[in-house]
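**Student:** Guided by the hints, dock chain W onto chain C, whose structure is given.
Which chain is which? The protein sequence lines are C and W, in order.
Start counting the first sequence at -15; every next residue gets the next number (our numbering).
Start counting the second sequence at 14; every next residue gets the next number (our numbering).
Source of the hints: derived by calculation from the structure; they are not laboratory data.
Fair warning: there could be bad hints in the mix.
[Claimed, not checked] Calculated lysine to any residue pairs in the SDA-like style (CA-CA distance at most 20 Å, straight line):
#1 C/K116 <-> W/E217
#2 C/K116 <-> W/L214
#3 W/K160 <-> W/R248
#4 W/K160 <-> C/A61
#5 C/K116 <-> W/T260
#6 C/K116 <-> W/S261
#7 W/K117 <-> W/Y129
#8 C/K116 <-> W/E259
#9 C/K116 <-> W/E105
#10 W/K160 <-> W/K117
#11 W/K160 <-> C/G20
#12 C/K116 <-> W/T192
#13 C/K116 <-> W/R219
#14 C/K116 <-> W/W268
#15 C/K116 <-> W/A135
#16 C/K116 <-> W/E130
#17 C/K116 <-> C/L99
#18 C/K116 <-> W/E213
#19 W/K117 <-> W/T192
#20 C/K116 <-> W/K93
#21 W/K160 <-> C/V55
#22 C/K116 <-> W/S194
#23 C/K116 <-> W/S223
#24 C/K116 <-> W/R221
#25 C/K116 <-> W/R216
#26 C/K116 <-> C/V55
#27 W/K160 <-> W/E125
#28 C/K116 <-> W/D267
#29 W/K160 <-> W/M131
#30 W/K93 <-> W/E105
#31 W/K117 <-> W/E276
#32 C/K116 <-> W/M131
#33 W/K117 <-> W/E130
#34 W/K160 <-> W/Y282
#35 W/K117 <-> W/E107
#36 C/K116 <-> W/Y224
#37 C/K116 <-> W/R248
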Amino acid sequence: MRKNKRRLAALLLYVLLLLIAYLLQDSVFSELPIGGAKPLILPVAVVGAAMLGGRVRGGVFGLCAGVLCDVALCRPAVLFTLLLTLAGIAVGALFETVLARGFLSFLLCCAALLLLSAFCQMFGLLFFSGQKLLPLLAAAGYQTLYSLFFTVPVYLLVRLAGRKAR
Amino acid sequence: MRDFIRKNGIIVVAAAVLVAVIAIASILLGANGSDAAGGAVGALMKPARGLMSSVVSRLETVYGYMYRYDVLRTENGELKARIAELEREYREYEEMAAENERLKTLLGFAEEHESYEMTQAAVLSHSASTWQSAFTIGRGASSGLHKGDCVITETGCVIGRIDSVASTTAVVTTLIDTTSSIGAVVFGTGDTGVLCGDFELMREGRARLSYLPDACTLTPGDTVTTSGAGGVFPRGLVLGTVDSVETSASGTGDWAVVTPSAELDNLGYVYIVTSFGEE
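Bound conformation, chain C alone (with noise of 0.2 Å):
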């Protein structure tokens, strides 16, 4: 009984972490970009879900985000829900036994995994449209440091549902 409240409790943080991250970032700083970049959250969200719940709920949740990820960015269809289930999936085996559950492990998953999404997101860009390297490079860059500023907020959640789950 008090296994079943405890994992819907945890069910209940994943969805409004998963909520949180796609309205802020479809809602709230798509209006804000800054040196034209707009922040990409939910993958940090992703990171924070596999790091708490591992490879499995990392998995599920980047499923989840993926396909709100793919709705708000509009194209590629689904760059995104096969990138942030893989990356779900990825990092939540790292934390299980690789990686210790810290803030810096956690940043620079996310770091990776946004650097990552970037350069998926300049891929057609680059090689189909004929885009000039440097202007995109800077996007991916402003694109990356922009989203890292959420890893705060959301390690910070993901820690309090960590010990709320216990």
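**Tutor:** Same frame as chain C, now just chain W:
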């Protein structure tokens, strides 16, 4: 006191006599209907009366304020509510006036282009992506919108085209997006080209006019309109103005930087041309 009387006795007595004389004279003259002495006394007493009147008035105000405090407080609350109501009405009025102005402009545009069928839509949100220039509107397939439909402002300036349609919403990519490509003609010179999205310029809110003829004569400030080539956009809609003319790095041709006439970051409502005929 004694010293004072001893020193100033004569002056005091003279003053007393003077006052008595004035008083008697004023009584006597008052009986004859003249008020000269009263006027003099009144003039002398005026500042003191004014001061007293002011003090009394102030005391009355304070007294009234204390006595009517509850009444005033209720009245103040009612007035505040009334002000809030009037402010709300004023905001509504301003919105309606702006809407009216927009519709009047659109009516003028629609009268000029009778063959256009247009639908109005509100802008719901801008894309959360760094890599594209797009926004979502609150109309979709149920309102007769199709992928590729032209999207304009009420004044007929091109905003972009519909990229994807759901039943009640649609995504519009703007003319500065990297996927955008519109046949264009420079008004006045007649030079033709293609207005394309360029990522570097997109971040500055501008686009690139490419494929210009070798002997093009366009200059900064020239207006660029749609050429109608391809049939997606009607002919003669305003795209923007030329900012600068550049020569490509290889020196093979010119291209121009164009600033859209539509304010892409400040759109409340847009108009979708669902069909248009040749004019």
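**Student:** Does each hint hold? Answer for all of them.
**Tutor:** Verification of the supplied hints:
1. C/K116 <-> W/E217: Roughly 15 Å between the alpha carbons, so the hint for C/K116 and W/E217 holds.
2. C/K116 <-> W/L214: holds (11 Å)
3. W/K160 <-> W/R248: The hint holds at about 19 Å.
4. W/K160 <-> C/A61: Cα-Cα ~16 Å, so holds.
5. C/K116 <-> W/T260: Cα-Cα ~17 Å, so holds.
6. C/K116 <-> W/S261: Status holds; Cα separation ~14 Å.
7. W/K117 <-> W/Y129: Holds, because 16 Å separates the two Cα atoms, which is no more than 20 Å.
8. C/K116 <-> W/E259: Given pair C/K116, W/E259 holds - Cα atoms ~16 Å apart, limit 20 Å.
9. C/K116 <-> W/E105: Not OK: C/K116 and W/E105 at ~47 Å, beyond 20 Å, violated.
10. W/K160 <-> W/K117: violated (28 Å)
11. W/K160 <-> C/G20: Not satisfied, since the Cα-Cα distance of roughly 27 Å exceeds 20 Å.
12. C/K116 <-> W/T192: holds (15 Å)
13. C/K116 <-> W/R219: Distance ~16 Å between C/K116 and W/R219 Cα, so the pair holds.
14. C/K116 <-> W/W268: The hint holds at about 16 Å.
15. C/K116 <-> W/A135: violated (34 Å)
16. C/K116 <-> W/E130: violated (39 Å)
17. C/K116 <-> C/L99: This hinted pair holds, its Cα atoms lying about 18 Å apart.
18. C/K116 <-> W/E213: It holds: about 8 Å lies between the C-alpha atoms, which stays within 20 Å.
19. W/K117 <-> W/T192: This hinted pair is violated, its Cα atoms lying about 33 Å apart.
20. C/K116 <-> W/K93: violated (59 Å)
21. W/K160 <-> C/V55: holds (17 Å)
22. C/K116 <-> W/S194: holds (18 Å)
23. C/K116 <-> W/S223: With a Cα-Cα distance of about 16 Å, the restraint between C/K116 and W/S223 holds, given a limit of 20 Å.
24. C/K116 <-> W/R221: holds (14 Å)
25. C/K116 <-> W/R216: Holds, because 13 Å separates the two Cα atoms, which is no more than 20 Å.
26. C/K116 <-> C/V55: violated (27 Å)
27. W/K160 <-> W/E125: violated (25 Å)
28. C/K116 <-> W/D267: holds (18 Å)
29. W/K160 <-> W/M131: holds (15 Å)
30. W/K93 <-> W/E105: OK: W/K93 and W/E105 at ~18 Å, within 20 Å.
31. W/K117 <-> W/E276: Roughly 19 Å between the alpha carbons, so the hint for W/K117 and W/E276 holds.
32. C/K116 <-> W/M131: violated (37 Å)
33. W/K117 <-> W/E130: Since the Cα atoms of W/K117 and W/E130 sit roughly 16 Å apart, the hinted pair holds (cutoff 20 Å).
34. W/K160 <-> W/Y282: holds (19 Å)
35. W/K117 <-> W/E107: Distance of about 15 Å is within 20 Å: holds.
36. C/K116 <-> W/Y224: holds (18 Å)
37. C/K116 <-> W/R248: violated (31 Å)
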